[in-house]
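Chains A and B, in that order, give the protein sequences.
Using my numbering, read the first sequence as starting at 28 and increasing by one per residue.
Using my numbering, read the second sequence as starting at -13 and increasing by one per residue.
What the hints contain is simulated information worked out from the structure, not anything from laboratory work.
You can trust all of the hints, since none of them are fake.
Counterexamples of contact, computed for chain A against chain B with all Cβ distances above 12 Å:
| hint | residue |
| --- | --- |
| 1 | Asp37 |
| 2 | Phe46 |
| 3 | Glu75 |
| 4 | Asn81 |
| 5 | Arg177 |
| 6 | Phe257 |
| 7 | Ser267 |
| 8 | Ser271 |
| 9 | Ser288 |
| 10 | Leu322 |
| 11 | Ser344 |
Quick list of simulated restraints, FRET-style, between CB atoms:
| hint | chain 1 | residue 1 | chain 2 | residue 2 | range |
| --- | --- | --- | --- | --- | --- |
| 12 | A | Thr30 | B | Arg(-8) | 38 to 44 Å |
| 13 | A | Leu68 | B | Val7 | 54 to 60 Å |
| 14 | B | Glu81 | A | Glu130 | 36 to 42 Å |
| 15 | A | Ala420 | B | Glu91 | 26 to 32 Å |
From a predicted model like this one, the values you see are computed outputs, not experimental measurements.
Cβ coordinates follow ideal geometry from the N, Cα and C atoms, glycine included.
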Amino acid sequence: METLGSRTLDSIKSDFPIFRNRPYLAYLDAAATSQIPSMVLESMVDFEVNFRANVHRGLYPEAELATQAYESARTQVAKFIEAEPSTVSFTSGSTSSLQMLAELLANRLSPGDNILVSSMEHHSALLPFRRIAAERGAMLTTIPHDADYRLDLPTFKLMLNSRVKIVVITAASNVLGTVNPITEIVAEAHKHGAIVIVDAAQYVAHLPLSVKEWGADAVVFSAHKMYGPFGVGVLYLQSSLGQSLTPTALGGGMMTEVTSSITTFAEAPWKFESGTPNIAGVIGLAAAIHYLTALGWPNIVQREEELARLALVGLLSLNDIKIIGPLTMHDRLGVISFTVPGLHPHDLATLLGEQNVAIRAGHHCAMPLTSSIVASGVARASLGLYTTEEDIARLIQGIKAARAKLS
Amino acid sequence: MDSIYRDHILEHARHPRNFGVLADATKQARLANPTCGDVCTIYLKIANDAIVNATFDGHGCALSTAAASLLTEHLTSMSSVAPIIGGVTMPCLNEAEFLTLLGIEPTSGRLDCALLPLRALNAALK
Chain A
28 METLGSRTLD SIKSDFPIFR NRPYLAYLDA AATSQIPSMV LESMVDFEVN
78 FRANVHRGLY PEAELATQAY ESARTQVAKF IEAEPSTVSF TSGSTSSLQM
128 LAELLANRLS PGDNILVSSM EHHSALLPFR RIAAERGAML TTIPHDADYR
178 LDLPTFKLML NSRVKIVVIT AASNVLGTVN PITEIVAEAH KHGAIVIVDA
228 AQYVAHLPLS VKEWGADAVV FSAHKMYGPF GVGVLYLQSS LGQSLTPTAL
278 GGGMMTEVTS SITTFAEAPW KFESGTPNIA GVIGLAAAIH YLTALGWPNI
328 VQREEELARL ALVGLLSLND IKIIGPLTMH DRLGVISFTV PGLHPHDLAT
378 LLGEQNVAIR AGHHCAMPLT SSIVASGVAR ASLGLYTTEE DIARLIQGIK
428 AARAKLS
Chain B
-13 MDSIYRDHIL EHARHPRNFG VLADATKQAR LANPTCGDVC TIYLKIANDA
37 IVNATFDGHG CALSTAAASL LTEHLTSMSS VAPIIGGVTM PCLNEAEFLT
87 LLGIEPTSGR LDCALLPLRA LNAALK
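With the rest of the complex left out, here is chain B (with noise of 0.2 Å):
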């Protein structure tokens, strides 16, 4: 079993990307693990429907924190061409493409801490 903490994963973990509330955010989503604590709020500026910044903050475990990091860190370096959907240009992301993001397996246990990020984006997009 390969380990999830794989050094760009630490990385991340460590020294968090677009960590922080983005004060001009105009859609923002806030989800919670219950079983383990972890929360974490996802801050977009959304503008002629596509995101131009992401940002994100809460507290959790290196995984949680880590995919927060990677998946805002994909979120501001997205191409213009992403496709439209309801009216906003989506990131592109199932699960399992996320995952590939991320660069590790997590096992079932873990992956609600990894998916987190992504679930929050996604109740920011609804």
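So here's chain A without its partners, still in its complex pose (with noise of 0.2 Å):
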């Protein structure tokens, strides 16, 4: 019997409604969405019927609750990432989050300077940079990746001086599944003053995000990758840093005082939440989080580690199939990516959703990395909690039917 820690699969699939609903669904796409377990969905709805109204407002009882719950909600975020409350910001997601830090971040830049971000981004963290690179006439470099897929340190350190004033870096590969040594990438980055942005999207819901061990001067995540809902994403600032930025968004709640001439910013985390803030979206975070807790990380990983290494073996039996990404566990992710001669992504992902197997296949928004491998782009499967040996094997399966089918 599978188990995750003391939970069945079975117990762990029953959480999730969807797997009631589609029994037959082998869902292999976590790297895009992760399905949504009931508390979750249960929290939200409690919110919803039971105390909805806006937060930091009223004072009635409901917004007193609803406020309560947000800001609790804050705490526990704080606490999963080993952070204080005041530095975690509510955004709509982690490309919000990678928007607002550009914008935030641009009026650092003078002409000249260099932005550093790695080949394994994904479009959200590239393209802010690349637009304040080019607003203020600094310059964009990327961090090349070796051929093990992994992060080229030494020409890390080498492109490191004292004109790099911000280093992107993805704490682990949507594509290649390769995680990323930030606390090493952080130190390096700091000796030479730069900003370190981290893009956790991919990592949180996977391995203990610690911000305190990182070091990072700012980490950004979507809920909607680690069980929670859509539309909420998470902005870490290193406290200092939080301080010293002068919010771009403005709106309703992020100010203390505004008279006809003068707007009072309040203190962060406040000043970055301008206007009414998904506040269900917070309250399903905090739950998903609750979730994943409850579990226990050590369960999490050792089961998620023992399945990627299943699925690796599993394609790598597969006659030609090449691995875009580290073909050992050794920081890695259960995000999958390759390639099978003959077989264009988009024909294999199309049959296999035929058969209800559901990976994803092209660029996965990081087109500068994948189509330097391959133009047609790749397919991946990424695994979550939910996931069983039987979808492994069904997408094995589904390779070898597809194969047949076309050639």
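Since each chain sits alone in its own frame, please combine them into the complex, following the hints.
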């Protein structure tokens, strides 16, 4: 019997309503979005039906309850990433967190300065920083990866100098599955005074995250990739950096006083949260964190590593298949991209979809990386808490069947 | 949901008709789907305001290959009574008609694959 810690996989799957409604679904697209457990949905419905009110404004009981739940969620997120609540702002997702960061930091760039981004960055991490570099006359340079699809650390160290003001690095690649050594990267970048921004969107559901250990200046992630709802993200800003930044998104809730000529901004984190937040979503995120934490990190890490290894071995047993990512599970997630000679990734994904095996094909919003590997993009299978050995077996069998059909 | 990989699609994907450069082409256009790396070039020989020969080359998924094969087969077998628009006999296909010709209903995620050859044809006829 398959287990995750003290729980059976059957009982974990039954936490996720989609598998009750679609029991035949082998969902291997966690890197795009994870499925959502009932208790997360229930926490959001509880808010909507029992104490729906806007936060921070009302003096009646429901508004107090809403504010308490919202701020309690902030405390829980902070604890989850080993940070102080005042460093945790809520956004609409990783993309908006990164966009906001680029806007917040743009005025720190001068002509001739440099932003380093890794070759593994998602478009949401690359494009805002490419834009501010162009606007400020700064450069944007790519840190390469090596033949084993790991970040080329020796080259990264050589690229660092006093003109490097910002380093943007993913904690785990959404294409390669590579987990980057963030603590080491941050330490090296800080020697040269650079601000380090970590995209943890792909990482946060699969490995324990400690901003204290990383020492990063900013960390972003999204709720929907960690068994939470869509439309909520986190922006962690190291305390003194957060205090020093002037908000770019203006509106209600983020100021303490507005007169006819003067605006006084609130303290962090509230000064980064203009307008009414996604209150139900934030409450759902806290519930998702509760769900993950209850399962226990050692159990999650061990289970996902075993399954990812099973998937790697299964894929490698097929003739000619090429894994686009590290071949061992050392510093690697169960995000497994691959190409099958003679089989276009879109054909493969469609044929697998016809067999209710859900994978993704294409460039995975990382075109500079994927198009440098193969123009047609890659197929990607990505695992979650509810992935079973049978799901992996159906993937392997499905690839064989697709190959037979199209050859 | 019916499979888009019906027998005739698979057969055209495995053995595409009219594949290759048309040496005496009078019009041609190359179109790409950057999101999936598919590339399709349609070559046309036009004489007396009618398409008298059509070929394609490029690389792509089974669906775009089969679609290009079926499209060029249709063009080369066209009746001479096809209407003339802008001085060129039109292949009488809009997107909906082309999908009818293909005999499948691609999902929205695969529509661009199926329509790439038709869009290349329209670009060549511009």
